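> Okay, here's what each chain looks like letter by letter:
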Amino acid sequence: MSGTVLLECEDLVKVFPGVRALDGVGLRLTAGSVHALLGENGAGKSTLIKVLTGVHSPDGGRLTWNGQQVHLRSPLEATRTGIGVVHQERNLIPGFSVAENITLQNPPSHRGLVDREAMTAPAVACLAELGVDLDPQRPVRELSVAQQQLVEIAKALYTESRVLLLDEPTASLSPQETERLFEVIRRLAARGACVVFVSHKLEEVFEVCDTVTVLRDGKSVLESSPLADHTHDDIVGLMVGRAHAATEMRPRTVDHTATPTLVLDKVSTAGGHRDISLEVRPGEIVGLYGLVGAGRSELVKAVLGLDRITGGEVRVHGSPVRITSPRQALHEFGIGYVTENRKEEGVFLEQPIIRNITVTVWKRLAKALGFVSAREERDVAQDLVDRLGIRVTGLGQNAGELSGGNQQKVSLAKWLAADTKLLVIDEPTVGVDVRTKRAFHELIWDLARDGLPILLISSDLAEMVTLADRIVVMTDHRIRGELDNDRDYDRMSGRVIRLIHDRDAVRS
Amino acid sequence: MNRLNVTLGQGSWGGSALRRFSRSTAAMLLCVVVVGYVALGIASSGSFFEGPSVRVFLQYLATPILIGLAQMVALCVGQLNLAVGALGGFTACLMGVLMADHGVPAGVAVIVGLLTATAIGLATGVAIVGTQINGFIVTLATMTILLGAQYRLTGTRTVDGYSRTLRDFGTAAPLNIPLVFVTALVAAALLAAFMYRTVAGRRLLAAGGNPLAARLSGISTDRQIVAAHTLSGLLIGVAAVTATASLPGVNRSVGGDWLLPSFAAPIIGGVALTGGSIAVLGTVLAAFVTRLIDAARAQFSLDPSWVNLLIGLVVLGTVAGGRLHQTRLEKSATTDGAVLPQTGGAQ
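Chains as they are written, first to last, in our numbering: chain V, 1 to 508; chain S, 1 to 347.
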């Protein structure tokens, strides 16, 4: 299996505003191997793939192709070099036929005219290799999600790449389709290509891969090592790391006899959630953990009335309710939602801090004819700025000028101003530095200590273990299990990851 | 049905294409046109089927078809062009003034007009891509500028008495089929061939259908936006030529009532506002439908306001119907997605 090295990268660095997405990644792809690229959410896998395929240009490090240094400036250049890819996002043109989508990168043409006849044969060949029966003339928009995914893989096969990167290719495939994909991967490797396989399903990785690279926090912690040398547990250990120590906080106890503030009882939604049950008690932090796309934010949005709940019951303070809008959720039931996407949904960037904070309480502050007293407004805002330690030059400063962490605090302050009875916090510390993260954790912890029930959504396992009292694990829009958190990071992370990866093992 | 397609293989392509057409907007519009035309013919006790009536009907169909196609090209990359009427009016007046006031021969004036319209389309596209300002705002600005320019050219007068040759072209109708109408059909056929058959046309549609995917496949979306506005400008130029040829004279009101029909035709014809789809036949047929409404008004001497009301209602109804269809598709897609992994997991 020790073929020639096709693509090698050393010390790759990619910086996005506020985050070092890649921070010294090394990878060696050899001909004839199937290379697993593993890591938890946000470890940098997708970024690495985008750098290798010319979507992002690296800020540091070297890329060599067949021993020669290369600079990939565009996806087209990467394709010409011989690097093919199936991205995680959907990349098909809905109105085009299957055949045309497959041949999109390099459509067969003659003097500027598209040759549709010549398109069909290679498309059918690529589909046949995957063992898929699809009418090549059918428009892609009529296909199911799984079929679309297969077309994307066929599209990557069409480019006949030496290196083929597959980012979560099996996410929506059935076991049989997955098995057929694995056969293709093995065949490609036997022909001297290198296939890079990214997946969250460890069983699949062990089934098809022979080499492994593990990323954590943008660094490669295991580099191009033979997979046979490692066990399942080794790999999980490398993925989550042992360096994270749970931070010490002031003790906090939860009254388990109190009526839960929020109860979901066998809830299903139009978005595909089935049989979701969970409860949050006063003073308790319940963590909702899952991989990206597990449907956590979607669940909360459905509870807040942004999507339809099709079955089961939602109870607030013990009585069944029907919430039809976030407005009703806030004013009638006191449920505040701190969104994940603060730039787009959480704060008004072009508005002063004071207005950002008081927007939820205007109704309460308003006097006759809707007049809001500027003084009262300022008092409310100043109080929260002090309490949360938001670093500002003045209340009139625009929220857009603040750092990411302070913006997040402003979006939290807005809900605290409204005297919420329940707070849903979605990915509170994505893209903020370690110090702010720590301050934020203390803030959330103290809020719960004062009796506020909090439903915390996070893909950061260390954060979960630090904050949550109970961790509810979700995959594929279903709850896989619930764990009492003993705040021992190694033990908890192992249990959570196992709950996600060995879905059959735990259905207790 | 899909299973059937697969087992029949290549042979079923023609069949499935026919079946797809029978369910398409174009097929529905074709029925409306035929039924409407026959109904009008019967209501007018046959006079509507006679040569002169047919000629007049088709004569004033050329411009709506062309401006509908011009708007469709902009829509296909997810843009819209508010300057359709202003650019058409300006180009018509430019050609009229060149011929009547400066004695420029018809052929040269037409070429100058086409080139000017294309160049203004190109400039609009470059402005949108270069400034990253929304196309709505940029075309709104070009519209206002062009309206001013048109007024500057003609003032309050009507320019007439220009080239005999162009006039003859405008009224010529061998076998009662006006040449301007033939011009519009030829333009539509060429556009269809361009969109369905050429690499450049497919790039336009790819960029409109999924900009990100197009970029990842090495297609520059910026270039496609510029190309779409340029092509839109050229089609408006052709529309201006047909208008100048068939109208008794050009003045500042030419193009003033083009904007609504330019949107109505592609939208009724089944073009999505989000980009990525075109319907040349649908747009042409939709222009027929709006022209039928107009003809019906003349036939039954209804109040002209009925025409706009009816067209407005048809547009609204089409969009609402399309939206309903879309949600139904999405719903069936999500149940598909939810069911598939389940059955897979059970096996």
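Hints listed in this document are in silico derivations from the structure and should not be mistaken for laboratory results.
A hint or two may mislead.
What the hints assert, rightly or not - Partial pick of chain S residues on the chain V-facing surface, computed with a CB cut under 10 Å:
hint, residue
1, A119
2, A123
3, V182
4, L185
5, A189
6, L190
7, A192
8, Y196
9, V199
10, A200
11, R202
12, G208
13, G218
14, R252
15, G317
What the hints assert, rightly or not - Here chain S is said to cover these stretches of chain V; the calculated rule only asks that three of the stretch's residues, wherever they fall, bring their Cβ under 8 Å from a Cβ of chain S:
hint, region
16, 82-96
17, 323-335
None of these values were measured; they are calculated from a predicted model.
Quick reminder that beta carbons are idealized off the backbone N, C-alpha and C, glycines included.
> Hint by hint, say whether it matches the structure.
Status of the hints after comparison with the structure:
1. A119: violated, 23 Å
2. A123: Interface hint status for A123/S: violated (25 Å vs cutoff 10 Å).
3. V182: violated, 24 Å
4. L185: Not OK, violated: L185/S not within 10 Å of chain V, min 21 Å.
5. A189: violated, 15 Å
6. L190: With Cβ-Cβ at 13 Å, over 10 Å, it is violated.
7. A192: Violated, because the Cβ-Cβ distance from A192/S to chain V comes to roughly 13 Å (cut-off 10 Å).
8. Y196: With a closest approach of 8 Å, the Y196/S hint holds.
9. V199: Result: holds, 5 Å to nearest chain V Cβ.
10. A200: Since chain V brings a Cβ to about 7 Å from A200/S, closer than 10 Å, the hint holds.
11. R202: With a closest approach of 6 Å, the R202/S hint holds.
12. G208: holds, 8 Å
13. G218: holds, 3 Å
14. R252: violated, 40 Å
15. G317: Result: violated, 23 Å to nearest chain V Cβ.
16. 82-96: With 9 residues closer than 8 Å to chain S, the region 82-96 of chain V meets the three-residue bar; holds.
17. 323-335: violated (count 0)
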